[in-house]
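Student: So you can see what is in the structure, the chains are spelled out below.
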Amino acid sequence: MGFILKLIKSRFFIVTLAVALLLSIIPGVLCAMGQGSYVRSAIVTVGTPFRWAFTKIGDGLSGFSVYFNTIDALRAENEALRRELDEYKNLVYDAELIEEENDFLSDYLGLKEEHLDFSLEDASVLGRESTNYRTLLTVSKGTLHGIGVNMPIITDAGLVGYITEVGATWSKAVVLTETATAVGGYIERSGALGVVEGTYELRTEGLCRMVYIEAESDIRVGDKVITSGIGGVYPRGLLVGRVSAIEVDEASRTLTAIVEPAADLDSISKVMIVTEYGVNEEASDGTE
Amino acid sequence: MELNERSRRPLISSYTAGKILLFSLVIFLSACLQSSFFSALAVFSALPDLVLLCVIGIAVYDGERSGAVAGIFGGVVLEAFGAGGDIMMLPLFYMLCGFFFGIAAHLLFNKNFISWLLYCIIGAAFRALLSVIHAVLIENDVNVLLIFTEIVIPEYFITLLLSPLMYMPIKAVVRPFHKKIEME
Chain A
1 MGFILKLIKS RFFIVTLAVA LLLSIIPGVL CAMGQGSYVR SAIVTVGTPF RWAFTKIGDG
61 LSGFSVYFNT IDALRAENEA LRRELDEYKN LVYDAELIEE ENDFLSDYLG LKEEHLDFSL
121 EDASVLGRES TNYRTLLTVS KGTLHGIGVN MPIITDAGLV GYITEVGATW SKAVVLTETA
181 TAVGGYIERS GALGVVEGTY ELRTEGLCRM VYIEAESDIR VGDKVITSGI GGVYPRGLLV
241 GRVSAIEVDE ASRTLTAIVE PAADLDSISK VMIVTEYGVN EEASDGTE
Chain B
1 MELNERSRRP LISSYTAGKI LLFSLVIFLS ACLQSSFFSA LAVFSALPDL VLLCVIGIAV
61 YDGERSGAVA GIFGGVVLEA FGAGGDIMML PLFYMLCGFF FGIAAHLLFN KNFISWLLYC
121 IIGAAFRALL SVIHAVLIEN DVNVLLIFTE IVIPEYFITL LLSPLMYMPI KAVVRPFHKK
181 IEME
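So the protein sequences, as listed, match chains A and B.
Each residue of the first sequence is one higher than the one before, counting from 1 in the working numbering.
Each residue of the second sequence is one higher than the one before, counting from 1 in the working numbering.
In case anyone wonders, no lab produced these hints; they're calculated from the structure.
Do not take every clue at face value.
[Stated by the list, open to error] Stretches of chain A that chain B covers, calculated by requiring three or more beta carbons in the stretch to come under 8 Å of a beta carbon on chain B: (1) 6 to 17; (2) 42 to 52; (3) 159 to 165.
Predicted model only: the values in this text are computed from it and were never measured.
From the three backbone atoms N, C-alpha and C, an ideal C-beta is built for every residue, glycine too.
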């Protein structure tokens, strides 16, 4: 009570209270009347350069802090961009596959044009089962596509092998470097006949051999070996490979040529299966 | 003769003039900082009340009269900068803060950081109350929860967070003019 009395009696308090009240009310009243106070505008004018400078500093710091505040947004954006990049990588990969397929189909078309009497079915190599004794390719076509046992498989480069087992949507094929194969062939340049077959020794090097070539035959390293069509499993005129070495078999008085297959048997991914060709003869096991 | 002597004497001493000038400058710069720098920075999307901290500092270290005058000046400057709005009555609010905290500093505690911080906590609470009243008066459809979460609480805490940083500069400015509390 005494404190309040002291306050009321305090001239300073009463005066400052009155001034404060007036200064609180008058600007509002002036504003309501649409008139600005000179004092107010003077204060704002004086304060403008300071406030401008402080605002610039604040903006600078704000821009700096925004970097940290928006780091989550930047992370999200980075993730989105990564996803987009992955999509583009997939697109590029798809494009490469399409290009590869396009090349394959061009070759396929070339083969079709070269061998008008062939009925070809293209297939992808799904797997390669390799044991100590033989290598089997699994391809993506089967009985549903008209594939049967003993059908030759080729690439644009040359002969690959033949089908040994058929499922509904898959087939297994043995390549010509395996011991189970025997292909009737001849030397393109001289016409010397023989049989191309695989051996255990040569298969590891990716080679095969042409045996039963008459000793007097004209045969040289680099000669092309072509399928003769004898036996009916393989059509005539398919490139088997090239002669890489020649050996003389003294006992049988014949020549043996080491043949390097024309088709890259280790890395083929697409093949063509010859489902029909001009001379269709019965064959039992791919050995001619 | 006596009249001549009185007329020759300056209206206010150079000591008082220096004090008024320095305090005014501090409050003016604080108001500028508050309404520009922190407005641009928008820490916690709220503005700290630096003028209140200055007024309390002046009141605690230089007495209730200086606090009251500094409060009026601070309120006028802040209202001029558009910080308060026309019905906030900031000059009256800061004047009362300056005056009563000045008296409280004399009657209750010594002039030290703890007492100053305590007055800042109380002053910021009154300022928050004023913000709520202001919001209730100007808003048609009042969402009290929103006012508290978006305005009052952030404003309160950012003011208190900055109060330790403001203590030393304010004390350094007011120290040359330390004096005993005027009210008898």
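Student: Determine which of the earlier numbered hints do not hold for this structure and return their numbers in increasing order.
Tutor: 3
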